[in-house]
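Listed below, chain by chain, are the residues.
Protein chains: 8
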Amino acid sequence: YRTGYMEAILAEGKEPEDIVEIVKAHNEAVGRTLITRINEEHASAIRNAFKPENIEWDMHSRTAVVHDSTPVPRTGGTVAIITAGTADIDVAEEARMTASEMGCSTIQIYDVGVAGFQRLISEMSVFEENRPDAIVVAAGREGTLPTVVSSLIDVPVIGLPVSIGYGAGAKGEAALLSMLQSCSILSVVNIDAGFVAGAFAARIANSVAEARKKEF
Amino acid sequence: YRTGYMEAILAEGKEPEDIVEIVKAHNEAVGRTLITRINEEHASAIRNAFKPENIEWDMHSRTAVVHDSTPVPRTGGTVAIITAGTADIDVAEEARMTASEMGCSTIQIYDVGVAGFQRLISEMSVFEENRPDAIVVAAGREGTLPTVVSSLIDVPVIGLPVSIGYGAGAKGEAALLSMLQSCSILSVVNIDAGFVAGAFAARIANSVAEARKKEF
Amino acid sequence: YRTGYMEAILAEGKEPEDIVEIVKAHNEAVGRTLITRINEEHASAIRNAFKPENIEWDMHSRTAVVHDSTPVPRTGGTVAIITAGTADIDVAEEARMTASEMGCSTIQIYDVGVAGFQRLISEMSVFEENRPDAIVVAAGREGTLPTVVSSLIDVPVIGLPVSIGYGAGAKGEAALLSMLQSCSILSVVNIDAGFVAGAFAARIANSVAEARKKEF
Amino acid sequence: YRTGYMEAILAEGKEPEDIVEIVKAHNEAVGRTLITRINEEHASAIRNAFKPENIEWDMHSRTAVVHDSTPVPRTGGTVAIITAGTADIDVAEEARMTASEMGCSTIQIYDVGVAGFQRLISEMSVFEENRPDAIVVAAGREGTLPTVVSSLIDVPVIGLPVSIGYGAGAKGEAALLSMLQSCSILSVVNIDAGFVAGAFAARIANSVAEARKKEF
Amino acid sequence: YRTGYMEAILAEGKEPEDIVEIVKAHNEAVGRTLITRINEEHASAIRNAFKPENIEWDMHSRTAVVHDSTPVPRTGGTVAIITAGTADIDVAEEARMTASEMGCSTIQIYDVGVAGFQRLISEMSVFEENRPDAIVVAAGREGTLPTVVSSLIDVPVIGLPVSIGYGAGAKGEAALLSMLQSCSILSVVNIDAGFVAGAFAARIANSVAEARKKEF
Amino acid sequence: YRTGYMEAILAEGKEPEDIVEIVKAHNEAVGRTLITRINEEHASAIRNAFKPENIEWDMHSRTAVVHDSTPVPRTGGTVAIITAGTADIDVAEEARMTASEMGCSTIQIYDVGVAGFQRLISEMSVFEENRPDAIVVAAGREGTLPTVVSSLIDVPVIGLPVSIGYGAGAKGEAALLSMLQSCSILSVVNIDAGFVAGAFAARIANSVAEARKKEF
Amino acid sequence: YRTGYMEAILAEGKEPEDIVEIVKAHNEAVGRTLITRINEEHASAIRNAFKPENIEWDMHSRTAVVHDSTPVPRTGGTVAIITAGTADIDVAEEARMTASEMGCSTIQIYDVGVAGFQRLISEMSVFEENRPDAIVVAAGREGTLPTVVSSLIDVPVIGLPVSIGYGAGAKGEAALLSMLQSCSILSVVNIDAGFVAGAFAARIANSVAEARKKEF
Amino acid sequence: YRTGYMEAILAEGKEPEDIVEIVKAHNEAVGRTLITRINEEHASAIRNAFKPENIEWDMHSRTAVVHDSTPVPRTGGTVAIITAGTADIDVAEEARMTASEMGCSTIQIYDVGVAGFQRLISEMSVFEENRPDAIVVAAGREGTLPTVVSSLIDVPVIGLPVSIGYGAGAKGEAALLSMLQSCSILSVVNIDAGFVAGAFAARIANSVAEARKKEF
Ligand SMILES: Nc1ncnc2c1ncn2[C@@H]1O[C@H](COP(=O)(O)O)[C@@H](O)[C@H]1O
Ligand SMILES: Nc1ncnc2c1ncn2[C@@H]1O[C@H](COP(=O)(O)O)[C@@H](O)[C@H]1O
Ligand SMILES: Nc1ncnc2c1ncn2[C@@H]1O[C@H](COP(=O)(O)O)[C@@H](O)[C@H]1O
Ligand SMILES: Nc1ncnc2c1ncn2[C@@H]1O[C@H](COP(=O)(O)O)[C@@H](O)[C@H]1O
Ligand SMILES: [Mg+2]
Ligand SMILES: [Mg+2]
Ligand SMILES: [Mg+2]
Ligand SMILES: [Mg+2]
Ligand SMILES: [Mg+2]
Ligand SMILES: [Mg+2]
Ligand SMILES: [Mg+2]
Ligand SMILES: [Mg+2]
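Residue numbers (the numbering used here), protein chains in the order written: chain A, 1 to 216; chain B, 1001 to 1216; chain C, 2001 to 2216; chain D, 3001 to 3216; chain E, 4001 to 4216; chain F, 5001 to 5216; chain G, 6001 to 6216; chain H, 7001 to 7216.
Hints are supplied without guarantee of correctness; some may be wrong.
Stated by the list, open to error - Partial chain A-side listing against chain G, Cβ under 7 Å, derived:
| no. | residue |
| --- | --- |
| 1 | Lys14 |
| 2 | Asp18 |
| 3 | Val20 |
| 4 | Glu21 |
| 5 | Ala25 |
| 6 | Ile55 |
| 7 | Ala170 |
| 8 | Asn190 |
To be verified - Keeping only pairs whose Cα atoms sit at most 16 Å apart, straight-line, the calculated EDC-like set for lysine to aspartate or glutamate is:
| no. | chain 1 | residue 1 | chain 2 | residue 2 |
| --- | --- | --- | --- | --- |
| 9 | E | Lys4214 | D | Asp3111 |
| 10 | A | Lys171 | C | Glu2012 |
| 11 | C | Lys2213 | B | Glu1012 |
| 12 | G | Lys6014 | E | Glu4056 |
| 13 | G | Lys6171 | A | Glu12 |
| 14 | D | Lys3213 | E | Glu4021 |
| 15 | C | Lys2014 | A | Asp111 |
| 16 | C | Lys2171 | E | Glu4012 |
| 17 | D | Lys3014 | H | Asp7111 |
| 18 | C | Lys2214 | B | Glu1210 |
| 19 | A | Lys214 | F | Glu5012 |
| 20 | H | Lys7171 | D | Asp3111 |
| 21 | B | Lys1014 | D | Asp3111 |
| 22 | F | Lys5171 | H | Glu7012 |
| 23 | F | Lys5214 | A | Glu129 |
| 24 | D | Lys3171 | B | Glu1012 |
| 25 | F | Lys5213 | A | Glu17 |
| 26 | D | Lys3214 | E | Glu4129 |
| 27 | E | Lys4214 | D | Glu3012 |
| 28 | G | Lys6214 | H | Glu7028 |
| 29 | E | Lys4171 | G | Glu6129 |
| 30 | A | Lys24 | A | Glu7 |
| 31 | D | Lys3171 | D | Asp3154 |
| 32 | A | Lys213 | F | Glu5012 |
| 33 | E | Lys4051 | E | Glu4012 |
| 34 | B | Lys1214 | C | Glu2210 |
What the hints contain is simulated information worked out from the structure, not anything from laboratory work.
Just so we're clear, the structure is a prediction, and the values are computed from it rather than from any experiment.
Idealized CB from N, CA, C, for every residue including glycine.
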């Protein structure tokens, strides 16, 4: 592993046999490979090529890890993942698995959108003593939640727009634009880009963790 | 006056002399005319054509009323106007003047966006005993505020997107889309359409006020 | 039930098992739950989880209500639903069921678009003595009908664009834009947002109905 | 003149001196030249290059004709021009002048939009005995009027969207899309394309007029 | 039949059973009904509801006519239909069937796009003696052909963009925009709107034909 | 000062007198206020309201700080700012001033785009021993540079699209989209959002700096 | 064969039987026909109509050549095809087959995007002695590679955007825009237009090859 | 000079003083610098910094060359520049000057769009004996001309869309899309990118010229 960055493959648009080949090469080099946005054909090619005990599946988030049993070295960084609704969970899980593969511990606070505002406050109160190093906030439709979270806590917040909703601004477009226009301090990744959000948050968290370890 | 609807002219795109002529015709019929989205040339044509005591100006919101001294008959309806920031006030004032010309009393709560969330709650507490009949919420950039207000109070809330902000989703586009995608119960008018928001809110408020007056 | 607002779930983007769980929780609290934008898988999960006598289906509008036999308390509010064509009826029915679940009586006037203009006038004549408290007008393609209805009657009119049509401006885009640009007094909800239109209309109608009941 | 088609120059994007030169060449060949979308610099170049008695100006519609005193041969075709509002008149006049230069007589019915619907009906009643050969209908904002006119009379109707309005769908975009999505039988030209609308209508009117003259 | 206009139903977005019902009502009134944009389910509902001898199918253009054996009265008008490529023919046929149902004779010149330019010239030479009253030109991709045709002949030309092509401007968008920007005299209908193009052309042709018949 | 976050005002869309008032209130509370996107009128209102020694101007980046002489407490965090071209420098400077106001030291590497690739490598070699805690990369036109930087160094990189370029994708649109689609690990802020980029980078840098200071 | 240009058919949007007919006509005239963007139905129509030994398939790139055994005359031109990732290879192969059918030799350098930058340099070092006459660079997502290649070598580079990626700017839109905005000297073809890229590159290569052959 | 590529500066978005500085540095290195998209302030900064005899202006195309009297070495390549209208000439001249600075001779054929089709054919007849090595075709509005030219001659044709026209598809958008969708073999540059078109054409022409010179 390069520090803070694992090998990852975007399966979408690739032939199943190409993926198997790339995974084999990667694993030889680094021991574990994360594969994202898998479809059914990709999944069965992977199933045929590797032993079950070397694969970790998460078909909801269309993500898998193929490894040769080496564990991920833990970095000490912490990433929190928050979602506005239950429909945002699949994308959030892609972010969470990515951060986890990059050595971070992860905290989930799911389904605390506008309607669950009270619950958001109470769930986040746990952060008062125990701040995460970075927070990913996944939200679809009007994409309000990252703005609210960033105004409540002084930790780097990454907005992750989710492709739900219908009509004008659907498929995450309103969420993306409203995160880009936010009055809070946010940075943003592309719609459904759980991988990028998780990897970016892990880069931050791993930097902070490394700084924590520095001796004097 | 037709009940609940005053005469109004959209100045934009019209010749100054056409506006003067239309105002004269309207005033003859109904005694007062609201003119919106006035530019400098429109304003001086109006100044030349009518006596100062017959004009009420609001050049910030680019709005004027020309009247023959007949007052607006009060309907008993109440419309609240809330803005997220100070930059939203001009458009909000167009809505307020329109509702006022349609006979409603108006309540203003300005500059209570995400950063001023605490103040929003405390300002809105006045509504607990004294509910407005309709609420217009003006917001630019990410346009979050109408969603929040509608989740806090069970009154019809009209989202009014404002053309501020820069970059992707600027000029009210993100605000409009995010109000259309809102998870709360909202209806929406076009970007900067203070007149439509105010008139629609007044239609609601005047209906409620009329119902209140019904004898048994 | 909180006054004027029932519990509702947007099924789209959610897992069938999540929906069943959410419905159960809601029903425990409030006795009835409206579920919108259901697909086949959602439907069969609901069918398996609840007794037939506790479900009201409307698969055309992809809507269901799951209840524990408590009836909806009637508020006395009235909402009219008008459509331009027959293709707009599914979305209109989502609005109607929502308003009905919120305690309103509903009036339907369907398929009275530009070609049926004469019929629109004659159907609406019934309103002269018996005004609805709010009107939802569903229209696709060029979306003209809400503009016409709002110019004929002084009741709050909510434009509901429908995702039909082909070519440029298809899928409700022309309808939405032309409602936002309307010369009449209209507020608008998102394309196909029958739920929002119905709930917003019911908020208005229930306010008016409450005012009617006020004693002196 | 080629039958049914006069020489015309689009001034926009051209240097003033180029325009003068092109006009001179055209006039030598055909005696009259129509120039559209003129700005101030174009106008003064024309003023300096030709005698006042050889220029017909219409600076509202930014149009001019330069001629060597030869009159336009009348074809016997008739084109009606209808506008929704007063803000549509400039573009409508460009259409009217073009049709007139192509030999047609023209009929104007201006400012009969949704609010003036009653007046539209009564004005159009003159057509019952005296049908125009083609109708251009100019409308901005939601662009409803061409749809209504085409549903009332069985004459070819050309929709001419006008670049007014503000917010989403402004600058004629909503009008164009809603004309393209119209449920009536319409053809359409580009936003503000008064010249194209007028010339196309004249092509139709001149064909019909020619057919009328055919001997047996 | 109203002169120059037959009854037509847009099947898309309608339930099969609704279509059968509407056809029956129409046929009772006017003897023939054109149905456009039919899918497989619509087709089999029609097949079950009417006798084979009363249906004319054109499944390529997804169009049918249901009639009670009354023939279409011929008007004497002539409409030509030209296509750029073979992929444009389905949409062109919808236009042709519509014009034919409206009583016009039709002329087809198919597959004469840029590459077949020579053939276009030679095919169109037949028009020198025998001009059609209106021309529909269907083209996808860059949509050049209507511009070229209109510059070659002084007959009203209606541009009909076709939803083919891939990449930016695909699905007829480039074709529509380039027809709207054309330097020739063109009017335009929406992408794939064969029905509107055919009906509009027939309105023109029937006007001209009527003028031809006028006695003196 | 709240840790890691100074007060900032977005001047755009606000009246000059409102800005002065807000600055005064902020300064009373926190001693320094950053004002961004100032125009000429804002600038002269500030000049009239405060003493020269209490204002720091940067009119290139349209930014100012008004303070009561209290210095910014240094946090120990480090933010690097890289630009692709010279035209990106104004926006980059807004980011740099913001990070500096939030207590970070800043490093500038300007004008090292594709053409200056060699220079980029050599300039960045300084980072080998002395890594910044976060990097902002400003780029317009095709927006390539953040992708390249993020692939060269394992530090959180924030893409800052700049509104330069002409034609399709101009005004930063291509740059924003290409950063969102990047194959490297990037997060992004809106076009020209120098303030957000700088503040977000400072949040990261200040977290890392705080971790460095933690005792054991 | 016309020099430098073979016959080619775009299958998309055409009926299988039409394709067979067109191929037969072409082959009679020129001996070989290239068919692009074939679907399964097109493929089996071709399989039924021609002998296996007269067809060359490439179903990955959805391309086929049908010939009467005449070989392609070699021109001496050379075209290099480079891809950023493995997902770009199908489109790249369409370009390569086209250039090959036009008589060029082709060189492939695949999967050398940002991550493989080192490999790009070393692979391209072969060009130092042996320059291709034109280079096609296929890239999806952020579309950076053509910009980098064009800055490294002074040969005409054609950017070929590929429709991969998800979220904003997906389906090749970001890649197309960023190639159009490139700071290097590039020309561009439409998204997935492998045929156009290959044919254009071959036109260049064949011109250069012809010049090489010129005697003195 | 690097072979086939002169130094060029895009002035737009740069400070006048920065431009002067960059020109000086470039000229020291290579003797001549091309500056494109100059505004009035840039021009006067250049006028003040360099002697008149060292500047070549073309303010119509907003282009200048600053040199130290060294002439451009001629390569023997030939580039033709064709425009559809007179409004396309400024952009075309930017292309021509760029190709000329890169050592090519240039041929101009201006104002030969659809209306001037006959003249196009006759002007291009000169190419029969004397082919240019590359052709740039500039066109606005519907952008047809490059498609036509490329179908008439087997030379690499580069489409150069020009930002003229009004309404939908204006500012070169229709032209760009229709060139990307062209049925002929075209490559394209961005709207108004005269510099890129000229430099790309010169790269081709210089390759061909070099091949012509190769000895045997
Ligand atoms: N789901 C994803 N979304 C965006 N980028 C991804 C995703 N998964 C992997 N990547 C990135 O894409 C790179 C691999 O691209 P590829 O070589 O096409 O597999 C990885 O190194 C990641 O940086
Ligand atoms: N394919 C079509 N495209 C556009 N409009 C159509 C089409 N077919 C029928 N129409 C029009 O739509 C009207 C009927 O719409 P509907 O009542 O929804 O069937 C007809 O009177 C026609 O004017
Ligand atoms: N240039 C800027 N771009 C985006 N956001 C800004 C900018 N300057 C200030 N802000 C944010 O906007 C908030 C202030 O908004 P306002 O109350 O409208 O002045 C600040 O707290 C910042 O979070
Ligand atoms: N008008 C122009 N349009 C596009 N690119 C240009 C233009 N003028 C110069 N360039 C390119 O932009 C590069 C210089 O960019 P810059 O360093 O910002 O001056 C030059 O090397 C050219 O490749
Ligand atoms: Mg959300
Ligand atoms: Mg806001
Ligand atoms: Mg409609
Ligand atoms: Mg209108
Ligand atoms: Mg075509
Ligand atoms: Mg850049
Ligand atoms: Mg790429
Ligand atoms: Mg052109």
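Tested hints:
A least Cβ separation of about 5 Å between Lys14 (chain A) and chain G falls short of the 7 Å threshold, and the interface hint therefore holds. At about 5 Å, the closest approach between the beta carbon of Asp18 (chain A) and any beta carbon in chain G falls short of 7 Å, and the interface hint on this residue holds. The beta carbon of Val20 (chain A) is not positioned within 7 Å of any beta carbon in chain G (closest approach about 12 Å), and the interface hint is therefore violated. Restraint check, Glu21 (chain A) versus chain G: the minimum CB separation of about 9 Å is more than 7 Å; hint violated.
At a threshold of 7 Å, the smallest CB-CB gap from Ala25 (chain A) to chain G is about 12 Å, leaving the interface hint violated. Nearest Cβ of chain G to the Cβ of Ile55 (chain A): about 21 Å, over the 7 Å cut. The hint is violated. A cut of 7 Å between beta carbons decides the hint on Ala170 (chain A): the least distance to chain G is about 13 Å, and the hint is violated. Interface hint status for Asn190 (chain A): upheld, as the beta-carbon distance to the closest one in chain G is roughly 4 Å, under 7 Å.
For a cut-off of 16 Å, the pair hint linking Lys4214 (chain E) to Asp3111 (chain D) is broken: about 34 Å separates their Cα positions. Between the alpha carbons of Lys171 (chain A) and Glu2012 (chain C) the distance comes to roughly 12 Å, so the proposed pair stays at or under 16 Å and holds. Proximity of Lys2213 (chain C) to Glu1012 (chain B) is assessed by CA-CA distance (about 43 Å); at most 16 Å being required, the pair is judged violated. Between Lys6014 (chain G) and Glu4056 (chain E) the CA atoms are separated by roughly 23 Å; this puts the pair beyond 16 Å, and the hint is violated.
At roughly 12 Å between alpha-carbon atoms, Lys6171 (chain G) and Glu12 (chain A) fall within 16 Å of each other, so this suggested pair holds. Between Lys3213 (chain D) and Glu4021 (chain E), the direct Cα distance comes to roughly 46 Å. Violation of the 16 Å bound is thereby established for this hinted pair. Simply put, Lys2014 (chain C) and Asp111 (chain A) have alpha-carbon atoms about 12 Å apart, close enough for the 16 Å limit, and the pair holds. For the hint pairing Lys2171 (chain C) with Glu4012 (chain E), the CA-to-CA distance comes to about 12 Å; that is within 16 Å, so the pair holds.
Of the pairs offered as hints, the one joining Lys3014 (chain D) and Asp7111 (chain H) holds, with about 12 Å between alpha carbons and a cut-off of 16 Å not exceeded. A hinted pair counts as satisfied when its Cα atoms are at most 16 Å apart, and Lys2214 (chain C) with Glu1210 (chain B) qualifies at roughly 12 Å. Our distance criterion of 16 Å between C-alpha atoms is broken by Lys214 (chain A) and Glu5012 (chain F), whose separation comes to about 43 Å. Straight-line distance between C-alpha atoms of Lys7171 (chain H) and Asp3111 (chain D) comes to about 30 Å, which puts the hinted pair past the 16 Å bound.
For a cut-off of 16 Å, the pair hint linking Lys1014 (chain B) to Asp3111 (chain D) stands: about 12 Å separates their Cα positions. In summary, the hint linking Lys5171 (chain F) to Glu7012 (chain H) is supported, as the alpha carbons are separated by about 12 Å, within the 16 Å threshold. The hinted pair formed by Lys5214 (chain F) and Glu129 (chain A) meets the criterion: a straight-line CA distance of about 15 Å does not exceed 16 Å. Straight-line distance between C-alpha atoms of Lys3171 (chain D) and Glu1012 (chain B) comes to about 12 Å, which keeps the hinted pair within the 16 Å bound.
Pair hint Lys5213 (chain F) plus Glu17 (chain A) does not hold up; C-alpha atoms about 50 Å apart against a cutoff of 16 Å. The suggested pairing of Lys3214 (chain D) with Glu4129 (chain E) holds, with an alpha-carbon distance near 15 Å, which does not exceed 16 Å. Between Lys4214 (chain E) and Glu3012 (chain D), the direct Cα distance comes to roughly 43 Å. Violation of the 16 Å bound is thereby established for this hinted pair. For the proposed pair Lys6214 (chain G) and Glu7028 (chain H), the alpha carbon gap of about 39 Å is over 16 Å, so the pair is violated.
Between Lys4171 (chain E) and Glu6129 (chain G) the CA atoms are separated by roughly 44 Å; this puts the pair beyond 16 Å, and the hint is violated. Of the supplied pair hints, the one linking Lys24 (chain A) and Glu7 (chain A) holds, its CA atoms being roughly 12 Å apart against a limit of 16 Å. Annotation: proposed proximity of Lys3171 (chain D) to Asp3154 (chain D) is violated, straight-line Cα distance about 29 Å (limit 16 Å). A threshold of 16 Å between alpha carbons decides the hint, and for Lys213 (chain A) with Glu5012 (chain F) the separation of about 43 Å lies outside it, so the pair is violated.
Between Lys4051 (chain E) and Glu4012 (chain E) the alpha-carbon distance is near 23 Å, which puts this suggested pair outside the 16 Å criterion. A distance of roughly 12 Å separates the Cα atoms of Lys1214 (chain B) and Glu2210 (chain C); the hinted pair therefore holds under the 16 Å criterion.
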